[in-house]
Amino acid sequence: MTEELLRYYRQMLLIRRFEEKAGQFYGMGLIGGFCHLYIGQEAVVVGLQAVLQDKDTVITSYRDHGHMLACGMDPKGVMAELMGRADGYSKGKGGSMHMFSREKGFFGGHGIVGAQAPIGAGLAFAHNYLGDGGVTFAYFGDGAANQGQVYEAYNMAALWKLPVVYVIENNRYGMGTSVARAAAGSELFRRGEAYGIPGKEVNGMDVLEVKKAGAKAAAHCRAGKGPYILEMDTYRYRGHSMSDPANYRTKEEVSKMRKENDPIENLKKKLAGYEEELNNIDRQIKADIAGAVDFAQSSPEPAPDQLYTDILVEA
Amino acid sequence: MLMKSPTQTLTVREALRDAMAEEMRADENVFLMGEEVGQYQGAYKVSQGLLEEFGPKRVVDSPITEHGFTGLAVGAAFAGLKPIVEFMTFNFSMQAIDQIINSAAKTLYMSGGQMGCPIVFRGPNGAASRVGAQHSQCFASWYAHCPGLKVVAPYSGIDAKGLLKAAIRDPNPVIFLEHEILYGQSFPMDHDSDLIVPIGKAKIERPGDHVTITAYSRMVGVSLQAAELLAEQGIEAEVINLRSLRPLDTASILDSIKKTNRLVCVEEGWSYAGIGSEVSAMVMERGFDDLDAPVARIASADVPMPYAANLEALTLPQAESVAEAAKAVCYR
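Protein sequences appear in the order of chains X and P.
First residue of the first sequence: 76, per the numbering used here; consecutive thereafter.
First residue of the second sequence: 48, per the numbering used here; consecutive thereafter.
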């Protein structure tokens, strides 16, 4: 058990430290465009990754750095991509919102709000078609939960019993608009009821509760019973993107969440007595992040002749 | 003694069905999805018999939910399957254009070449007959605008079969623009089950020395009629069936105007930012010295399609207007 908790601690801390560095680099102008940080939400993806099996696939929105690291993608390649370098996962052509690793079962990184819901249903359709036993975890936010295509996807996923777990990461704000101001009916986990899709609300700040709910959802899918919805109550500490000052909420709200519900600090409390192990993990992650930064900074920008490659697969 | 290979005539509808059936037999990962493609046998009966042969796993009746099932098919393609998505008409693909452009067309590039999307989007495009503005639009230039897609528009039965087989085998997203009015037309057909018409190559349907006419889809037939009218007046038109709109066979067009020095571009879409605009600009850039007259564009009237029969006929390009344009560029 302790070993397991230490593993989650390490995975969550890696995401947090990576994101802090990304935020810092964005501020320094080393990362451009849009940059959506996952700080505060780490328990969601770490808890769910714990129940994944070999053939399972993952797809998410543009707030994707945490998912990539949790899928086992190399922080070096992710950081290099954020900086627009040739050794990034997308050779510098994708950026923060568009990275993929077929090898690690990570299908993006999608910049259009809600697009990953039907695409995720398609990944699950392929699991069924190929009979490989895989389950798809398709993540989206509370904002995307109002998109029409999400419900088109729910309908087909339920109709065809597709093995897909829809994970709604409810961090309370779709950009600057609170759930209460955007959603008629705040129980997003119940929005599959009309399609017969079971849904569950989960404390997304507690990695063990997330894992427990994820295991139940995945078992439902693996048993051939079709999709499942998990609504993760979570919170992002930073703005929607790096350019968002987050004036739509109070500083007190943010500091209260950090103080009382931080997924990493709360897990740390459960690991009292293991300070040496925790310190070792802290040191290791610090070194890993430094390594990723060195790798990214020493990677060249993509060569100009890369401009016209990867538009079409040569037939 | 050599046996002459037997030929038959086949409707475009049958040619399309045969292409899908042959490719589905050859590759288990090819499947067809769309509204009414299975039990109903296709809204235009293009998928006749496929459900019986391949079963509901591979001939999937979808709910009326274009945005959703297009996204689903794109996801299946990312995962390694080869979906054929039938739009009941391409007008309805507007519901799905986000998934076609933002997901299918761009992901290979955004992933640095990792995530291919082998998928075919097919269905009738352009004006049927008397179905009004929302069901009568050509989307060729919309899709041809976008890098990451291939766009083809068959005319004959051989085009239909050979291009569809090529599209299904292609590892990229292919927009396959059919025409409802051509579905029932019969054309001579080779028996060869390996008939492939390569994407990116035009076909000279009728050779001629005096004026080049480019067209695609049903407008190839209209242009061939125009060529008949012109021949009666001593003008020999070379009619080029573009077949592929992206990539465009620029060499065939440029070679032809070296000979004819005159060009008329015919399309069923609107002329504004249309395929004719692209062909015309390309020829101006790369064949300017071969031109003896300004390029003429013949396209649909710049209006939403009207319902009344007489107004509909006034909207669509007719053989007579193509012939008039050809005469004008010949200064006749």
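A portion of the hints provided could be inaccurate.
As the list claims (entries may be wrong) - Below, computed lysine-lysine pairings styled on DSSO-like, alpha-carbon distance capped at 27 Å:
no.	chain 1	residue 1	chain 2	residue 2
1	X	K291	X	K331
2	P	K374	X	K300
3	X	K236	P	K104
4	X	K331	X	K96
5	X	K331	X	K151
6	X	K361	X	K275
7	X	K130	P	K306
8	P	K248	P	K306
Stated by the list, open to error - Derived DEER-like restraints, expressed as beta-carbon distance ranges:
no.	chain 1	residue 1	chain 2	residue 2	range
9	X	E178	P	K248	53 to 63 Å
10	P	A348	X	K236	30 to 40 Å
11	P	Q86	X	M76	50 to 60 Å
12	X	E327	P	Y319	49 to 59 Å
13	X	A259	P	Y354	53 to 63 Å
14	P	F335	X	E389	42 to 52 Å
15	X	G208	P	G96	48 to 58 Å
16	X	Q381	P	K248	38 to 48 Å
17	X	K236	P	G96	39 to 49 Å
Derived by calculation from the structure, the hints in this document are not laboratory data.
For glycine and all other residues, C-beta sits at the position ideal for the given N, C-alpha and C.
Q: Starting from the hint 38 to 48 Å, judge whether the C-beta atoms of X:Q381 and P:K248 obey it.
A: violated, 28 Å
Q.
Run the distance test for X:K331 versus X:K151: straight-line Cα separation, threshold 27 Å.
A. Given pair X:K331, X:K151 is violated - Cα atoms ~33 Å apart, limit 27 Å.
Q: Assess, step by step, whether the Cα of X:K236 is no farther than 27 Å from the Cα of P:K104, and give holds or violated.
A: holds, 13 Å
Q.
Given the hinted pair X:K291 and X:K331, is their Cα-Cα distance within 27 Å?
A. This hinted pair is violated, its Cα atoms lying about 31 Å apart.
Q: Sort out whether X:K300 lies within 27 Å of P:K374, counting only the CA atoms.
A: Status violated; Cα separation ~67 Å.
Q. When you take the CB atoms of P:F335 and X:E389, is the distance between them in 42 to 52 Å?
A. Cβ of P:F335 to Cβ of X:E389: about 32 Å, so the range 42 to 52 Å is violated.
Q: Verify the proposed pairing of P:K248 with P:K306, using a straight-line Cα cut of 27 Å.
A: Answer holds: P:K248 to P:K306 is near 19 Å, not above 27 Å.
Q. Could one say that the CB atoms of X:K236 and P:G96 fall in the range 39 to 49 Å?
A. 27 Å Cβ-Cβ, so the 39 to 49 Å window is violated.
Q: Using the beta carbons of P:Q86 and X:M76, state whether their distance is inside 50 to 60 Å or not.
A: The hint (50 to 60 Å, Cβ to Cβ) holds, given that P:Q86 and X:M76 are roughly 53 Å apart.
Q. Do X:E327 and P:Y319 keep their Cβ atoms within the hinted range of 49 to 59 Å?
A. Distance hint for X:E327, P:Y319 holds at roughly 56 Å.
Q. Does X:K331 pair with X:K96 here, judged by a C-alpha cut-off of 27 Å?
A. holds, 23 Å
Q. Should the hint that X:A259 and P:Y354 are 53 to 63 Å apart at their CB atoms be regarded as holding?
A. This hint is violated: roughly 39 Å between Cβ atoms.
The structure fails to meet hints 1, 2, 5, 6, 7, 9, 10, 13, 14, 15, 16 and 17 from the earlier list, while all remaining hints are met.
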